[in-house]
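A.B. asks: Sequence:
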Amino acid sequence: MFALRPCPTNPNHLSIGLGSAASRFANPINRPAVLLSLRCAPRLTRRLVISAKGSDYYETLNLNRNATLQEIKSSYRSLARKYHPDMNKSAGAEEKFKEISAAYEVLSDDDKRSIYDRFGEAGLQGQYEGSGAGGQVDPFEVFGAFFGDSTGIFGGRADMGNFNFNMRNTRTSDLDIRYNLTLSFEESIFGGRQNVDVTRFETCNMCNGTGAKSKNCVRSCTDCGGRGAVMKTQRTPIGVVSQVSTCTRCNGDGTIVTDSCRKCNGDGKLRIKRSIEIEIPPGVNDGNTMQVQGEGNINNKRGIAGDLYLFLHVSEKTGIWREGLNLYSKISIDYTEAILGTVVKVETIEGLRDLQIPSGIQLGETLKFPFLGVPNMKKPGDRGDHHVIVNIEIPRIISVEEHTLVEKLASLQKSCNYHMNQSNDEVANGKKRNRQNNASTKAPGKVNSLLSSIKRFLSRKQSRAGFSSLSIEAEVPTWTNHSAVDPSFVISFSVVFVILHIYTSIIRADSHMISTRKKPMLTQIDE
Numbered sequence: 001m002f003a004l005r006p007c008p009t010n011p012n013h014l015s016i017g018l019g020s021a022a023s024r025f026a027n028p029i030n031r032p033a034v035l036l037s038l039r040c041a042p043r044l045t046r047r048l049v050i051s052a053k054g055s056d057y058y059e060t061l062n063l064n065r066n067a068t069l070q071e072i073k074s075s076y077r078s079l080a081r082k083y084h085p086d087m088n089k090s091a092g093a094e095e096k097f098k099e100i101s102a103a104y105e106v107l108s109d110d111d112k113r114s115i116y117d118r119f120g121e122a123g124l125q126g127q128y129e130g131s132g133a134g135g136q137v138d139p140f141e142v143f144g145a146f147f148g149d150s151t152g153i154f155g156g157r158a159d160m161g162n163f164n165f166n167m168r169n170t171r172t173s174d175l176d177i178r179y180n181l182t183l184s185f186e187e188s189i190f191g192g193r194q195n196v197d198v199t200r201f202e203t204c205n206m207c208n209g210t211g212a213k214s215k216n217c218v219r220s221c222t223d224c225g226g227r228g229a230v231m232k233t234q235r236t237p238i239g240v241v242s243q244v245s246t247c248t249r250c251n252g253d254g255t256i257v258t259d260s261c262r263k264c265n266g267d268g269k270l271r272i273k274r275s276i277e278i279e280i281p282p283g284v285n286d287g288n289t290m291q292v293q294g295e296g297n298i299n300n301k302r303g304i305a306g307d308l309y310l311f312l313h314v315s316e317k318t319g320i321w322r323e324g325l326n327l328y329s330k331i332s333i334d335y336t337e338a339i340l341g342t343v344v345k346v347e348t349i350e351g352l353r354d355l356q357i358p359s360g361i362q363l364g365e366t367l368k369f370p371f372l373g374v375p376n377m378k379k380p381g382d383r384g385d386h387h388v389i390v391n392i393e394i395p396r397i398i399s400v401e402e403h404t405l406v407e408k409l410a411s412l413q414k415s416c417n418y419h420m421n422q423s424n425d426e427v428a429n430g431k432k433r434n435r436q437n438n439a440s441t442k443a444p445g446k447v448n449s450l451l452s453s454i455k456r457f458l459s460r461k462q463s464r465a466g467f468s469s470l471s472i473e474a475e476v477p478t479w480t481n482h483s484a485v486d487p488s489f490v491i492s493f494s495v496v497f498v499i500l501h502i503y504t505s506i507i508r509a510d511s512h513m514i515s516t517r518k519k520p521m522l523t524q525i526d527e
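Here the sequence shown stands for residues 1 to 527, where the numbers follow UniProt numbering.
Treat the hints loosely; a few may be bogus.
[Unchecked claim] Simulated crosslink set (DMTMM-like; lysine to aspartate or glutamate; CA at most 20 Å straight-line):
(1) LYS269 to ASP174
(2) LYS301 to ASP174
(3) LYS368 to GLU347
(4) LYS379 to ASP117
(5) LYS73 to ASP117
(6) LYS269 to ASP307
(7) LYS414 to GLU402
(8) LYS379 to GLU323
(9) LYS408 to GLU337
[Claimed, not checked] Label pairs and their computed distance ranges (CB to CB):
(10) GLU323 to VAL400: 44 to 54 Å
(11) GLU279 to ARG249: 41 to 51 Å
(12) SER275 to GLY351: 45 to 55 Å
If you are wondering where the hints come from, they were derived from the structure by calculation, not from laboratory data.
Backbone N, C-alpha and C fix where the C-beta goes; we use that ideal spot for every residue, glycine too.
Could you put the whole structure together from the sequences, leaning on the hints where they help?
C.D. replies: As structure tokens, this is what we get:
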């Protein structure tokens, strides 16, 4: 069916929806829609403006003066499709369309055509002063130029199609139902099925939504001719203005009920309570909205059904809260358990679980159970974690025995810290001594090397030609009488004396250096 409704994007346009070829009682659900936009004045009411031209109306419609009404309609439809501004964007198409509409307005009306044939266009002047009635360009004829005529409210066949115009709004927003659904914390995590009891309007099964006792009690509205809309026409300086509005007698239905249905009292609908089973997906959150299509109020007369909107409210769970896909909770342990470590029971959404507390845990540290959080609705295989925040309880009042044990523990802790520091110092000092010993071994090495050189020097036998040659093999004892001292003996003795003096000086210097380095270390230990 056709539905005339305002375009949401442009208030100066009017939209015509094309649905089924059946009558207004047919169900046009899931029918494809075809929209035709007609330009109109920027008013809340729908208007069609047509400008008249001082030309021969028969020539405008390509007709002779003996043309029948059927030929006039056929020619008008053909030319209207050709020159309609929404179909033809060429220059002059809009003016041509106005001429065609003005000619059809006169020639399609027997009285005005008779006046025009006798007196021409001048005979028509003054007939549309004010808002008086009379012949007019029916906007439904414009629609019929594209889609054909309608022959009745029950969908009879027409010349160019089996269509019926319907001025009623086919939007379903008035049929939608809002419902507040409360879920437990576990239901929001795991999902499940819920039975929802809603009260909705359904079409009366006795009158099928007509509100009439029988089909014989339904007749076409005489004010609007069964179209559901009426039109008033007046001539203005810019042309003929036609104003279309909803029929007040039939409220846009196009029909009048003479005898109402006894079951629904003529409303055509009944309030019925229904139980609807809803599938809740896992991972929903507080404030989410679910849409269940086709489960709202039903209107078989219009052939449409609204939707059910579920507004979810998730109850809180004591001790566990949600942040995104992760769950959080807190536990408290004793300070001795924090020192020694322990195993505690933790409540999760899947029951109690054992949590291993490592020794030495600190206040505020977080442990977690992997994959015990909230499922991801977009990725069913993905799931968050359950994080556990650890709180360490320190008692305000303890017994005398506990106080004594804590003092011993503190003393033991200080002693352990002292010995630990002392051992660290010994390790550091040992490293220093190793470095000093490595440095001191270099000097004796030099002395040994020097003594070896002297020994080799003294043990060699030199030839007589050698310079300052020495020999330890004396042929004659030193206490024998000689007339003069042997020069080689004097030289050998001098060399040995010098070497021994040098060796003694080196040994003393090395001993003094070692003694000086050891003194600070001994002082540090005494402290």
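A.B. asks: Does the structure break any of the earlier hints, and which numbers would those be?
C.D. replies: 4, 12
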